[in-house]
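The sequence shown maps to residues -20 to -1, 1 to 319 in mature numbering (1 follows the signal peptide of the UniProt record, and there is no 0).
Calculated directly from the structure, the hints in this document are not laboratory data.
Each hint should be verified, as a subset may be incorrect.
[Claimed, not checked] Subject to a maximum C-alpha distance of 27 Å in a straight line, what follows is the list of computed DSS-like cross-link-like pairs (lysine-lysine):
1. K169 with K107
2. K13 with K205
3. K54 with K239
4. K54 with K105
5. K239 with K105
6. K169 with K268
7. K239 with K51
8. K169 with K54
9. K107 with K239
10. K105 with K205
11. K51 with K169
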Amino acid sequence: MATPWYFVAVLLTILTSSQGILTTLSQSDGGYKYDYATVPFLAEVFKLIISGLFLWREMRTSSSATARITKDWKSVRLFVIPSLIYLIHNNVQFATLTYVDTSTYQIMGNLKIVTTGILFRLFLKRKLSNLQWMAIGLLAVGTTTSQVKGCGEASCDSLFTAPIQGYLLGILSAGLSALAGIYTEFLMKRNNDSLYWQNLQLYTFGSIFNVARLIADDFRLGFEKGPWWQRIFDGYSITTWLVVLNLGSTGLLVSWLMKYADNIVKVYSTSMAMLLTMVASIYLFSFKPTVQLFLGIVICIMSLHMYFAPPQTLVDLPVTNEAHPKTLKQVIVEEKTDS
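Whenever a hint applies, use it, and build me the whole structure from the sequences.
Here it is as structure tokens:
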């Protein structure tokens, strides 16, 4: 591919770091004036339109060999599963941000690196070196350290800075993200189909499931606010539309990484987004970073270097000038010469 994976990873880091901030800015009086279930739906529609346009362009400019499309239903139906998981995950994200601040939300999202590593090994049969497993463990330690609140203050009542519901939802979000990511990578790499055709399938089912969720909410509330399509844009602001565009663009970048890189690159990209989130939160929300948060970020950076750096740059091996062992033939020739 012409676009290097690390360039896409940097873009994903930037978008992910602003995702929690934009979602928080879209709140009013601690809640949402809009129906946050409509945001994932509109994001899916946005991704569906963009993928369709790129597929149309690819079909017009490429040969059938480079723009391969598999229309077999046995292949298409596999995209139902990740769409359903992403539906649940996207809505859990919004619920999580009602309990935790943006920095804590971003930090807890890094827990998916652990579950991703495990699923990476179990389902995709991808082997990781001992150093890489150590890096994953280091990242887990870093994220845990970042969540601990300092108890040197008189107002410190516990080690946690958010209600337990926020942490439970954050853990659930991390697990769902890892599961969806692993399965999506499996689908993206199982054949040579066009990325945009695969996206089209994924986001079509995603849109369908999101519509089903909106209809179910209408029945649950007894249509007291009217059908969802009549109030879909109620309470929307410029910030809300930025949340939609951010969520949609992030999904498109993730699918690119699933096709041409892997899940570990994706989760490291999103985990390093907490650096930008912390800096932005200081100015936007008067967030006061703790020493524990700073130490956690440093540990995460060390983990990043340990995972991706070549092993020889991490361990200084002494250079030896020992001669290569002689072969049996060389020994026989030397003995004959001496005799």
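Verification of the supplied hints:
no.	hint	result
1	K169 with K107	holds (17 Å)
2	K13 with K205	holds (13 Å)
3	K54 with K239	holds (20 Å)
4	K54 with K105	holds (23 Å)
5	K239 with K105	holds (17 Å)
6	K169 with K268	violated (43 Å)
7	K239 with K51	holds (19 Å)
8	K169 with K54	holds (16 Å)
9	K107 with K239	holds (18 Å)
10	K105 with K205	violated (49 Å)
11	K51 with K169	holds (16 Å)
Comparing the model with each numbered hint stated earlier shows that hints 6, 10 do not hold.
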